[in-house]
Amino acid sequence: MADDKEAAAFVSEVHKRISNAFDVFDHEFNHTVDVREIGTIIRSLGCFPTEAELHDIIAEVEEEEPTGYIRFEKFLPTMTKVLMEHKFRPIPDDLLLQAFEVLDQQKRGYLEPEELSKYLMQEGETFTQEEMEEMLSAALDPDKNVIFYKDFVGMMTIDDTQ
Amino acid sequence: MRAALLIQRWYRQYAARLEIRRRCTWSIFQSIEYAGEQDQIKLYNFFGYLMDHFTPASSERDEVFHDTEWERYFCYKDIEVPDTYSGPHLTFPLCTHNVTELLEAIKHKQLLHSRYVLQLLGETWKLLRVLPNINVVSTCQSKEITICGDLHGHLEDLLLVFYKNGLPSTETPYVFNGDFVDRGKDSMEILLILFSFQLLYPSGVHLNRGNHEDHIVNLRYGFTKEVLGKYKVHGKRILKLLQKIFSQLPLATVIDRKVLVLHGGISDTTDLRLIARLERHRVSCSCNHAQAPNPQHYSSPGTPRSLRVRSLARGTLPLCLPRANSTRTVEEELQERRRWAGLGASCDRVRYLSSNRDPDQDREVTETDMDEWKQLVDVLWSDPMPQDGCVPNKVRGGGCYWGPDVTRDVLQRHKLQLLIRSHECKQDGYEFCHDRRVLTIFSASNYYEVDSNRGAYVQLGPDLNPHLIQYQASRSSRDLTLRQRLVNNNCTNKKKRSALQALREQLFAHKSELINAFQEFDPEHTGMISMRHWAVATETVLHLGLPWRMLRSQLLVSQGGLNSLLFLSHQLAHTGLLETMYRHHSNLETIFRIIDMDHSGLISFEEFRQTWRLLSAHLQTEISDEAISGLASSIDFNKDGSIDINEFMEAFRLVSPETDLIKCVNGTDKCTRHGAHDIVFTSSHDLH
Numbered sequence: 001m002a003d004d005k006e007a008a009a010f011v012s013e014v015h016k017r018i019s020n021a022f023d024v025f026d027h028e029f030n031h032t033v034d035v036r037e038i039g040t041i042i043r044s045l046g047c048f049p050t051e052a053e054l055h056d057i058i059a060e061v062e063e064e065e066p067t068g069y070i071r072f073e074k075f076l077p078t079m080t081k082v083l084m085e086h087k088f089r090p091i092p093d094d095l096l097l098q099a100f101e102v103l104d105q106q107k108r109g110y111l112e113p114e115e116l117s118k119y120l121m122q123e124g125e126t127f128t129q130e131e132m133e134e135m136l137s138a139a140l141d142p143d144k145n146v147i148f149y150k151d152f153v154g155m156m157t158i159d160d161t162q
Numbered sequence: 001m002r003a004a005l006l007i008q009r010w011y012r013q014y015a016a017r018l019e020i021r022r023r024c025t026w027s028i029f030q031s032i033e034y035a036g037e038q039d040q041i042k043l044y045n046f047f048g049y050l051m052d053h054f055t056p057a058s059s060e061r062d063e064v065f066h067d068t069e070w071e072r073y074f075c076y077k078d079i080e081v082p083d084t085y086s087g088p089h090l091t092f093p094l095c096t097h098n099v100t101e102l103l104e105a106i107k108h109k110q111l112l113h114s115r116y117v118l119q120l121l122g123e124t125w126k127l128l129r130v131l132p133n134i135n136v137v138s139t140c141q142s143k144e145i146t147i148c149g150d151l152h153g154h155l156e157d158l159l160l161v162f163y164k165n166g167l168p169s170t171e172t173p174y175v176f177n178g179d180f181v182d183r184g185k186d187s188m189e190i191l192l193i194l195f196s197f198q199l200l201y202p203s204g205v206h207l208n209r210g211n212h213e214d215h216i217v218n219l220r221y222g223f224t225k226e227v228l229g230k231y232k233v234h235g236k237r238i239l240k241l242l243q244k245i246f247s248q249l250p251l252a253t254v255i256d257r258k259v260l261v262l263h264g265g266i267s268d269t270t271d272l273r274l275i276a277r278l279e280r281h282r283v284s285c286s287c288n289h290a291q292a293p294n295p296q297h298y299s300s301p302g303t304p305r306s307l308r309v310r311s312l313a314r315g316t317l318p319l320c321l322p323r324a325n326s327t328r329t330v331e332e333e334l335q336e337r338r339r340w341a342g343l344g345a346s347c348d349r350v351r352y353l354s355s356n357r358d359p360d361q362d363r364e365v366t367e368t369d370m371d372e373w374k375q376l377v378d379v380l381w382s383d384p385m386p387q388d389g390c391v392p393n394k395v396r397g398g399g400c401y402w403g404p405d406v407t408r409d410v411l412q413r414h415k416l417q418l419l420i421r422s423h424e425c426k427q428d429g430y431e432f433c434h435d436r437r438v439l440t441i442f443s444a445s446n447y448y449e450v451d452s453n454r455g456a457y458v459q460l461g462p463d464l465n466p467h468l469i470q471y472q473a474s475r476s477s478r479d480l481t482l483r484q485r486l487v488n489n490n491c492t493n494k495k496k497r498s499a500l501q502a503l504r505e506q507l508f509a510h511k512s513e514l515i516n517a518f519q520e521f522d523p524e525h526t527g528m529i530s531m532r533h534w535a536v537a538t539e540t541v542l543h544l545g546l547p548w549r550m551l552r553s554q555l556l557v558s559q560g561g562l563n564s565l566l567f568l569s570h571q572l573a574h575t576g577l578l579e580t581m582y583r584h585h586s587n588l589e590t591i592f593r594i595i596d597m598d599h600s601g602l603i604s605f606e607e608f609r610q611t612w613r614l615l616s617a618h619l620q621t622e623i624s625d626e627a628i629s630g631l632a633s634s635i636d637f638n639k640d641g642s643i644d645i646n647e648f649m650e651a652f653r654l655v656s657p658e659t660d661l662i663k664c665v666n667g668t669d670k671c672t673r674h675g676a677h678d679i680v681f682t683s684s685h686d687l688h
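Protein sequence lines, in the order shown, are assigned to chains A and B.
So in the working numbering, the last spot in the first sequence is 162, and the numbers never skip.
So in the working numbering, the last spot in the second sequence is 688, and the numbers never skip.
Be aware that one or more of the hints could be misleading.
[What the hints assert, rightly or not] Covered stretches of chain B (in silico footprint by chain A; criterion: 3 or more residues with CB under 8 Å from a CB of chain A, positions within the stretch not fixed):
no.: 1; segment: 8-22
no.: 2; segment: 530-538
[Stated by the list, open to error] The calculated label-pair distances, taken between Cβ atoms and stated as ranges, are:
no.: 3; chain 1: B; residue 1: PHE432; chain 2: A; residue 2: GLU53; range: 47 to 57 Å
no.: 4; chain 1: A; residue 1: GLU131; chain 2: B; residue 2: THR84; range: 55 to 65 Å
no.: 5; chain 1: B; residue 1: LEU274; chain 2: A; residue 2: HIS27; range: 42 to 52 Å
no.: 6; chain 1: B; residue 1: LYS143; chain 2: A; residue 2: TYR69; range: 37 to 47 Å
Worth flagging that the hints you see were computed from the coordinates, not collected in a lab.
We put the beta carbon where it would ideally sit given N, CA and C, even for glycine.
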């Protein structure tokens, strides 16, 4: 009995969180958001989906005939499920560090911007030019003109959304 | 391949968090800014109330000047320029050399001597008063015309625009769309530059009035303070002349009869012919709502707007002060304060006191007066909204919110194709709306904080296609170390911190109300409420429309355990008084500055007490005389019977709450005193 009550309370908490995140992007106050903002909304709720996983979600919440807008009524149930099932979990720091180390074959402790750009813009779910530039502007050491990835990872993984 | 995926996935998440942080920070700043403006309106009502109830002695009615008297009063000739002055010496009529010299001096942070300031202002006034209400400009005389939005004392931005676009001249004409002053620290310099270029090239510089070109707004938002600080001897005179000048600024500019440029916006009743006809100089404070029109003046066929930025008003906004209910006590006090005479006469009333008639014989306010006044207020204060219709602008407290249907209608009626306005800060410096028929242009970059937004200006050629240029006056990212840049980038921490600081200050200022609201959710007085209830209660009290749950972790301290909130109320002597004072500290400052007639920065105990009593009577709060006296003497550090205004205001600068945490383990009793600014709430860990 108490479990049910707690479960219900939990679900409504989740709903409120989703609703708040949605509202930030609901510019016309009509409970819709531009489909291009869905990724940001989902990620702001603490999820780490890949682009492919994102596309799947969007396909699920889109209208039969895509309008370019996602309605809250469709978004809520899907997103609730995502959060309840703890899908798209965060990436542990050490795993992330390993990913960078894989690229740094010579074990120098840093990466050249050219090699990182090449890799991230050609492999995996490629970065756009804009994304790459944004990342470099944050990651590049101005004096040495390289990326000390250990520092970078350390500073970026501050989780204070929750 | 897997490594790439991992990095990409992680980075995109981080970028998304940055984005949402930026949006939240933005909405915090905006909501507090607009709420502050609305506060200002309430204050205007208070001033109106004061002025209505005070009848000055006729001998003190020397401030209602005729134009020739004004000229004599602002004579600069008696001001001597000492040999030690190394700044520019202006000669009139101005020549190119004068203006370039002035510009250089300003870039080198040299102050123009008050003699030349007054002279410049005098000449400007003479020029402005013969201009029509609506500037008419054509692109045939030059290739392009440039329009700038709000500058708000940001000199670097103006200089950046000149650098990128060229100095104003007949071949490079500019329209400056209001709000040149307040908030930024170089408002005076901006005015000097704009006015001098206008005198040099009258067809190259067109100025539109903004809602901040208003001496009462200036009292609150920093311009008055700036002028008095820079010009200690003649500042008052300069301000008086500026008051006249502001009221003489044109209200709008029309380019090629097709593009309308004005500061705020329009309403469904906007009529350019009416605007062209009215006597604009008779309204020097556009925001005095003592005679505000009935909200029914606005039609709202569409659904009422749900505000993204809601007001701090607890209850309805009083547009008209209920004079019939004035208490005897307050009136008696007012009778005593004959010094208010200066205040009463210097602010031109919306009653359109005619300077040509006997000042004691106020003209009746006619229907036409009201219509004209409304046209002007709409132009200076309105904001666009996405929905159709036209509703009163409750957030600003003046003008309206107008929808795309009103844009279509007004543009069509006047055979226009584009409306360019300013008045609202935009992250990219500009924003189109209403099907690209309305363009908002804002030229003060980093308005709220470093990196909060870019500035922009717009170029219009004969094809009248707006060409937008953005910029940002900020430190090059190369100067910062990796750590600093990451801190800047990393969820725009610095910006968020000061937005949060402002928000924490709001929480503090409303502590009692918040506690009451929380207690409603805690009938058994456990001292704990759920996260959900906290969010609801906070929104009910503050009406800021913010995503509270998202901000929770920044506002409260986590403390492992249950899904609930622990709150404490710490009774400190004078807490209620301090809190109320803090909430109204900006209002208090404005009032103080008015009382401090000789601008000495000091007011006596008696004046302090009177001010407080008047304000509290107006706000209907109960504060005992004893409490006020106690507070006054505790602030008087040197015990000389007077209070330094600046020190008083400093007393209300909140210490960062992080240094004032209450570490409390169980219940409400075991807690440490940390001074007047306790953090009241601690929260516990929330489930994912």
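Hint-by-hint comparison with the structure:
no., hint, verdict
1, 8-22, "holds (count 12)"
2, 530-538, "holds (count 4)"
3, B:PHE432 to A:GLU53: 47 to 57 Å, "violated, 34 Å"
4, A:GLU131 to B:THR84: 55 to 65 Å, "holds, 58 Å"
5, B:LEU274 to A:HIS27: 42 to 52 Å, "violated, 34 Å"
6, B:LYS143 to A:TYR69: 37 to 47 Å, "holds, 41 Å"
When held up to the earlier numbered hints, the structure conflicts with 3 and 5 and fits the remainder.
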